[in-house]
Amino acid sequence: QKEVEQDPGPLSVPEGAIVSLNCTYSNSAFQYFMWYRQYSRKGPELLMYTYSSGNKEDGRFTAQVDKSSKYISLFIRDSQPSDSATYLCAMSEGSGNTGKLIFGQGTTLQVKP
Amino acid sequence: DAEITQSPRHKITETGRQVTLACHQTWNHNNMFWYRQDLGHGLRLIHYSYGVQDTNKGEVSDGYSVSRSNTEDLPLTLESAASSQTSVYFCAFTGRGRNQPQHFGDGTRLSIL
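Protein chains in written order, with my numbering: chain A, 1 to 113; chain B, 1 to 113.
Bound conformation, chain A alone:
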């Protein structure tokens, strides 16, 4: 069993929909949680970065962490065709600048106009 599980999709939604992306994990020592967006043939781009449990909002994006359930989510409101990409969750035990990241497989999202 992988330490981090993420449904690879693909997930297809109409423009304007609310998108929910999720990851589960097994290592209770994970403290730092990240979401990256990756466009085709590009490197992962950091979207959200949270520490421990709780919610964090940035524009149309909201990240949620539930450490008791070992479950993290990324919500995208009013989805746009430009949101079409692969979304990767990542997490680490140590602080983000020294901790080794464990990634999910990535979920491919397509937002149709």
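Possibly wrong hints are sitting among the right ones.
[Unchecked claim] Derived DEER-like restraints, expressed as beta-carbon distance ranges:
#	chain 1	residue 1	chain 2	residue 2	range
1	B	E79	A	G59	28 to 34 Å
2	B	D73	A	N27	28 to 34 Å
3	B	S111	A	S53	31 to 37 Å
4	A	Q80	B	T20	27 to 33 Å
5	B	S65	A	P81	41 to 47 Å
6	A	G59	B	G16	45 to 51 Å
7	B	W27	A	D66	34 to 40 Å
8	A	D78	B	G40	27 to 33 Å
9	B	K57	A	K112	41 to 47 Å
10	B	G63	A	K56	36 to 42 Å
11	B	G40	A	Y39	16 to 22 Å
[Stated by the list, open to error] Residues from chain A that face chain B, not an exhaustive set, calculated with beta carbons under 8 Å:
#	residue
12	M34
13	K42
14	G43
15	P44
16	L46
17	Y49
18	L88
19	K100
20	F103
21	G104
22	G106
23	L109
24	Q110
[Said to hold, decoys possible] Restricting the straight-line Cα-Cα distance to at most 27 Å, the calculated cross-link-like pairs of lysine-lysine (BS3-like) are:
#	chain 1	residue 1	chain 2	residue 2
25	A	K100	B	K57
26	A	K100	A	K70
27	A	K2	A	K67
28	A	K2	B	K57
29	A	K67	A	K100
30	A	K112	A	K70
31	B	K11	A	K42
32	B	K57	A	K42
Hints in this document: simulated from the structure, not taken from any laboratory.
For each residue, glycine too, the CB sits at the ideal point set by N, CA and C.
With chain A's structure known, arrange chain B on it following the hints.
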């Protein structure tokens, strides 16, 4: 803004050859990382470095080596390339300060025939 440059962007080589992938960052950050990305596996850590003369093995280090002679560069070497090492390789660094997340280059697509 700090930048990270990977070269070459694409490379084709033959099994048994030695291959070196370059990673250069412009802001003298200490922490640098190498990952490979394969379908079904997400990104997996190969090697990482916390400073000059410091190198550490990651999850999938067999067949790879790194050296850190200055702060700006962390080259990744495949000593004797194998077809199983066909992948997309990403270099990452963390910024200054506590709890900084990792930022990625745009990758090198390596094919070993």
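Inset, instruction - Run the structure past the numbered hints and jot down the numbers of the failing ones, going up. - result: The structure breaks hints 1, 3, 4, 23, 24 and 30; every other hint is satisfied.
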